[in-house]
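J.: As a plain string of letters, each chain reads:
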Amino acid sequence: MSRTLSFSEATLEAMREEMRRDPAVFLMGEDIAKQGGIFGQFKGLPEEFGLARVRDTPISEAALVGAGVGAALTGTRPVVDMHFADFITCAMDEVVNQAAKLRYMFGEQCAVPLTLRAPDGIVKSAAAQHSQSLEAWFLHVPGLEVVVPSGPRQAKGLLKSAIRSDNPTLYFEHKALFAEKGEVPDDADYTLPLGKAEVVGDGRDVAIVTYGITVGRALHAARELAGEGIGARVVDLQTIWPLDYAAIADAAAATHRVVVAHEAVRIGGVAGEVAAFLAEHCFDDLDAPVVRLGAAHVPVPFAPGLQEAIYPKAPDIAAVCRDLVRKVR
Amino acid sequence: MVRIRVLEEGIERHFLAGEIPGFAHLSIGQEAVAAGTCAALRRDDFIASTHRGHGHTLAKGAAMRPMVAELFARSTGLCKGKGGSMHIADFSVGMLGANGVVAGGFGLVAGAALSATLRGTDQVALCFFGDGAANRGPFHENLNLAAIWSLPAIFVLENNRYASTTSTAETMKIDDVARRADGYGMPWAIVDGFDASAVHAAVTQAVARARSGGGPTFVECKTFRARGHFIGDPERYRSKAEVAAYAADDPIARARAALGAALPEDEYERICREAREEFADALAFARASSPPEAAEAFRGAYVGDRDPATPHGAFAAAEARAFVARAQ
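Line by line, the protein sequences are chains A and B. For what it's worth, the numbering used here labels the leading residue of the first sequence as 573, then goes sequentially. For what it's worth, the numbering used here labels the leading residue of the second sequence as 873, then goes sequentially.
There are no misleading hints in this set.
Calculated from the model, a selection of chain A residues having no Cβ within reach of chain B, i.e. all distances over 10 Å: (1) Q607; (2) V772; (3) E800; (4) D822; (5) A847.
With beta-carbon atoms standing in for the labels, derived distance ranges: (6) G1104/B to P595/A: 48 to 56 Å; (7) D1047/B to M664/A: 27 to 35 Å; (8) D1105/B to H869/A: 38 to 46 Å; (9) A868/A to G1055/B: 41 to 49 Å; (10) A821/A to T1037/B: 51 to 59 Å; (11) S1162/B to G803/A: 50 to 58 Å; (12) K768/A to E1165/B: 25 to 33 Å; (13) A1166/B to A868/A: 38 to 46 Å; (14) E619/A to G1085/B: 20 to 28 Å; (15) D994/B to D603/A: 29 to 37 Å; (16) A911/B to P714/A: 34 to 42 Å.
Think of the hints as simulated: they come from the structure by calculation, not from any bench. We put the CB at the ideal spot given by N, CA and C, even for glycine.
Assemble the whole structure, with the sequences as input and the hints as a guide.
T.: Below you can see the structure in the form of structure tokens.
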């Protein structure tokens, strides 16, 4: 059984269920208790769990993440809301040098079961400092898990797994997805495993490897291509670390052509890691070079027309798939 | 204090002999802060330390054998040889780690104090830090956070007058850093950091306040490091006369003078002898211990990475095998 929920409601259910399930789970961030979160994603939590477990904080990202690490080291399971993913930059030491390192460098004496929720992505002319997708940075740092849900069902299942994970986990939730609706399983213990991609469709002409909001764009492209007789399958990575290399290899073996797409800047992005993996391990399966799609190497502009020009959408994805399939038959 | 001194002098000797890899920062001259502070804490209280953390670690209750083994990068070390001097920790005694990042401990302490509150315990968390850390953002953010939430935290500043190699006279307009606590509505005290009893008294009061729900306290200890910033520091930034003047005010000599007849000469000699024997034993233990196996490099970044059922575990293990095979 399932119900229709918005992405925001799905994350709220995940929070509520995990806070009921485990008294060690608590939440802190800016504008969350009294305001309910800037996307309404925390509404009702303080009423049920109290202001000790749902904490409004000063605008002090370094302290929030640092204290999140300290609390995680000492018997609690903090969820820290970063307000906007862009502001993780104000707590980079705490993420990179503390959260990611402590378990390893202290010889496994401790764990850091910390979840950072980071609303990211391009929406409504939020412009350069409120629109970034920075997930690739954290893929590069050993010790972190990186989760990027693509819709309400994934948002709920992956958030619950992120909170239950004993590792520091960054959960990037796209701001433009919060209002999106979708079917979510009823089962109160429903989770999605970290490190497992989900494959949509069984097209054998091209695979679109993607994650987050770009999954919807890829599915749109796949429908368009199906009308033209081109079979595309979409690989929703769901977590970019652990990265489901096996699913990527399987997709290459099945389709022989791979497009990797994300909204984050193309240069130095996750697509580079996927393409490199394919080149190293799946070369013989490929009939064509891997194509990467991502945002232009520019800050996100303010003017709506400019904003819309810099990142890949469904028609862009469909166009490169079409080119790949037509060129290499 | 004597145990710390003996340990630090031993580390200095064996570092210079090439037996200790990496960097090591000594706290000789600052022992009264570590000893006086940790004597005011319970075993289940938390501390976060700094890159100059040998004294704090020992004073909080870590055993000398696995400490020295860690500095020697051995598998029997507190951190299995993966942390070293700047990243030594002993969670079994509430020691949440030395920290290679200046001001890295503030968040950990604020979080540990918050955790104690949420878990309903009366534990406190204490942050050691230096004057250099007081100029970093996390100092301000976390002191404010601890104050507004009345967290059971204590912030112990070891003001040794130098941030690495730069004098506080060049990095601050004030002499007493503790005054900054006023800006956060936090009570503060300034004590003579050469006087272990004075440090102990101030921290005891701060701990009592924290434990009883009275919130955090800032304790500034005026001290001086008798050695360079790191072992091998050429110390171009300060004069020999300045070092000699401060080094004359030795915390151990101070304690002996204060104790007077309460600490007879032979009793003091026994303390020193036992400390030397303890270090000799730890040194022998470290030398006899094996370095970590190559495969250890690939373990421990994640909970569950030993479990081949988890996807990243399987991949990391495969990587490890490939690397190990190549190395052999």
